[in-house]
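Participant: Line order of the protein sequences matches chains U and P.
At position 16 of the first sequence (counting the first as 1) the number is 16 in full-length UniProt numbering, and the numbers step up by one without a gap.
At position 192 of the second sequence (counting the first as 1) the number is 192 in full-length UniProt numbering, and the numbers step up by one without a gap.
Check each hint, because a few of them may be wrong.
Any copy, or any two copies together, can satisfy a pair, since identical chains are not distinguished.
[Stated by the list, open to error] In silico SDA-like links for lysine to any residue, alpha-carbon gap of 20 Å or less:
no.: 1; residue 1: K268; residue 2: W92
no.: 2; residue 1: K88; residue 2: K268
no.: 3; residue 1: K301; residue 2: E158
No lab work stands behind these hints, which were simulated from the structure alone.
There are 2 protein chains.
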Amino acid sequence: MGLSTAYSPAGSRLATPPLGAAATARRRSVQPLRPRRHHLLATVRCSVDAAKQVQDGAATVAAEAPASRHAECFGVFCTTYDLKADDKTKSWKKLVNIAVSGAAGMISNHLLFKLASGEVFGQDQPIALKLLGSERSIQALEGVAMELEDSLYPLLREVSIGIDPYEVFEDVDWALLIGAKPRGPGMERAALLDINGQIFADQGKALNAVASRNVKVIVVGNPCNTNALICLKNAPNIPAKNFHALTRLDENRAKCQLALKAGVFYDKVSNVTIWGNHSTTQVPDFLNAKIDGRPVKEAIKDTKWLEEEFTMTVQKRGGVLIQKWGRSSAASTAVSIVDAIRSLVTPTPEGDSFSSGVYTTGNPYGIAEDIVFSMPCRSKGDGDYELVSDVLMDDFLWERIKKSEAELLAEKKCVAHLTGEGNAFCDLPEDTMLPGEM
Amino acid sequence: MGLSTAYSPAGSRLATPPLGAAATARRRSVQPLRPRRHHLLATVRCSVDAAKQVQDGAATVAAEAPASRHAECFGVFCTTYDLKADDKTKSWKKLVNIAVSGAAGMISNHLLFKLASGEVFGQDQPIALKLLGSERSIQALEGVAMELEDSLYPLLREVSIGIDPYEVFEDVDWALLIGAKPRGPGMERAALLDINGQIFADQGKALNAVASRNVKVIVVGNPCNTNALICLKNAPNIPAKNFHALTRLDENRAKCQLALKAGVFYDKVSNVTIWGNHSTTQVPDFLNAKIDGRPVKEAIKDTKWLEEEFTMTVQKRGGVLIQKWGRSSAASTAVSIVDAIRSLVTPTPEGDSFSSGVYTTGNPYGIAEDIVFSMPCRSKGDGDYELVSDVLMDDFLWERIKKSEAELLAEKKCVAHLTGEGNAFCDLPEDTMLPGEM
Chain U
1 MGLSTAYSPA GSRLATPPLG AAATARRRSV QPLRPRRHHL LATVRCSVDA AKQVQDGAAT
61 VAAEAPASRH AECFGVFCTT YDLKADDKTK SWKKLVNIAV SGAAGMISNH LLFKLASGEV
121 FGQDQPIALK LLGSERSIQA LEGVAMELED SLYPLLREVS IGIDPYEVFE DVDWALLIGA
181 KPRGPGMERA ALLDINGQIF ADQGKALNAV ASRNVKVIVV GNPCNTNALI CLKNAPNIPA
241 KNFHALTRLD ENRAKCQLAL KAGVFYDKVS NVTIWGNHST TQVPDFLNAK IDGRPVKEAI
301 KDTKWLEEEF TMTVQKRGGV LIQKWGRSSA ASTAVSIVDA IRSLVTPTPE GDSFSSGVYT
361 TGNPYGIAED IVFSMPCRSK GDGDYELVSD VLMDDFLWER IKKSEAELLA EKKCVAHLTG
421 EGNAFCDLPE DTMLPGEM
Chain P
1 MGLSTAYSPA GSRLATPPLG AAATARRRSV QPLRPRRHHL LATVRCSVDA AKQVQDGAAT
61 VAAEAPASRH AECFGVFCTT YDLKADDKTK SWKKLVNIAV SGAAGMISNH LLFKLASGEV
121 FGQDQPIALK LLGSERSIQA LEGVAMELED SLYPLLREVS IGIDPYEVFE DVDWALLIGA
181 KPRGPGMERA ALLDINGQIF ADQGKALNAV ASRNVKVIVV GNPCNTNALI CLKNAPNIPA
241 KNFHALTRLD ENRAKCQLAL KAGVFYDKVS NVTIWGNHST TQVPDFLNAK IDGRPVKEAI
301 KDTKWLEEEF TMTVQKRGGV LIQKWGRSSA ASTAVSIVDA IRSLVTPTPE GDSFSSGVYT
361 TGNPYGIAED IVFSMPCRSK GDGDYELVSD VLMDDFLWER IKKSEAELLA EKKCVAHLTG
421 EGNAFCDLPE DTMLPGEM
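With the rest of the complex left out, here is chain U (with noise of 0.2 Å):
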């Protein structure tokens, strides 16, 4: 694995972030006077054609100011608009911005549209969407830019594309980064986390320089759990609890598993956790979990069933679910997605919460700290949350509590040049990664 480019104590997060010659030259652009987006459009300039655009805008904005790579608005995206002036939106919310990497992919494709369908932040909520893709994807990017404007979303005002993160990310009031390599064939977990780590410590970094203060983060791309560590490490003036790792696709599929073994319908499943990491390890909690308000194991006797099949199945979906369809779960990945982000942004319901993976400081339950762990969380709503503190614990669900914990320091361990703890050691015997998953 590669050498370590800081050091900082194990433990500690970051005081400054290890920015190599790569991120500085990156951050070339990002200088705290140059012209705002809309300043530089004070006359419309709209195009189809948004990479001709992007080359055109750049020439243009040379001559003027020295920064000249923002993130281009995309057709009518570039219009102006006055909120204020319309009676139908003047009583609308601010507009928050949100950005989605790895926006030219199957789950984007899925979460875009429900973003800006206004089903996630609500109807008087306007949004930006400022979608990140590669050299390789900017194509793709300008067809999924079109058919949002095709789509005619009355909440949706802005959407810009771009593929640097220092661009992308600013300002941004949410990251959904989603975007990472997919897993060749052969490639270990250590390797795809050395892959996948880079981006991440990047992405973190760009986050930590351009984006609001009180930016929150949901990584999606795998390894999650340990993306999620990297980018947090790399963004030491972000609150560490503004990140998640996402294990809500898991927390759903185990609900779903549990109506059915007790015969009734998935509305009367509650407080299901998924702890740990995103991965083979992963614990789906059915000592807490509730079904019509009572213990799970008052409706499901077969304790067989719960302590061996159940967690294999909600396991496996993701590979059953590939040979059927020929594809991944975009889908329902998606609405995992925006089931997490309305967890964070709605009151959780009395007595419920919800997984999510998150910064393991002071948590009450003795998990290791300094790693991100999928625990059970609840929210006033306010884009933040709290750990919930009465859980149940038996020897059964601590045991296997801590071989996840064992998998996510062995990662951490694995990640070390990325984080500044050190040099990396890898040793991971285990191949974790879930079936059908990238």
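Fit chain P to the known structure of chain U by using the hints.
Facilitator: This is chain P only, laid out in the frame that chain U set:
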């Protein structure tokens, strides 16, 4: 082209559907007295493996009832539930049954989740989804149903899958007919009309036999206008007014292009009608269109652009998109289907209208009767619509409308054997498929 199976005078609808031997055989399970699904499911039978379930169910039921080819409930959606027993759901409306054909395809993969989320029919409208696929796609249908399970949508109460329209369409209130054979290499529009026409003739007969007597049908599969005509001709017991061919994506694209040209946000554009066929003879109407409540010509002075480039840009949109994105526009097509349904179940805003391909009987414009033609509609939100009477017409608009009308009359002659109107005679000199469409 094939021979006619029955004859009735042109312009009339069939008194009796021309049911062939094949159709009769398929209908063997359609018997008024056969047990209904929920009766069969007095005990909850659940399985993640719906393929197995279909077989098991068939074997079990065969002994007790002659009819056993029901579309089968899937997985957790086989569980019983009682909306009235739950405080959260007891004020909900009565369940709406929605059939979707081509349910394993990409458009459906967006649409089904939109239907389930409540964004189409509202947050107090529980729905049942009935997914129609083919022998070939049955595994993929199961994959889609699994993703719907994992999405835990509270409003989605039932999902069933099947390959026989006589089963899947039973009691449906909406039929969204997306599935159609894609055009093979070198295949002419005439051949596509025949192949897909057969599908829509069969589905029309099935709707006529088993659907709700007031089912609303939206045909998306191409060539959608003539497919809709074939479908309604084969469903004489369902009001012809209930059949629609989707031209809403064309309308949405036209609105976006007018907004771009005028430099306004797209929510300022209204009254945009697509006239005619969903093909390159379609007529996006800029004469009646409005920007900020004023005629488009006041906001866009470039008449040459309006008369030449505007229509071309709208029509080429799908082709440009497929070039950039590498796929057809599944997401925005699904959005436009949502828009089309919403336009029928919510009152049209004062002074506005929407486009839909509808049956031309008694139209006020002088368009030939007895075809499916896209025209400006308004709705009271009751699922029905009326044509807008106060439209402006000039020679430029009328000449183009007549060209699209001529095409649809020619297409109608190509499918006379499928509508019971004599021998087919097919003379379609031009390829008028829209670029980027199947």
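Participant: Out of the numbered hints, which ones does the structure contradict?
Facilitator: Violated hint (a single one): 3; every other hint is consistent with the structure.
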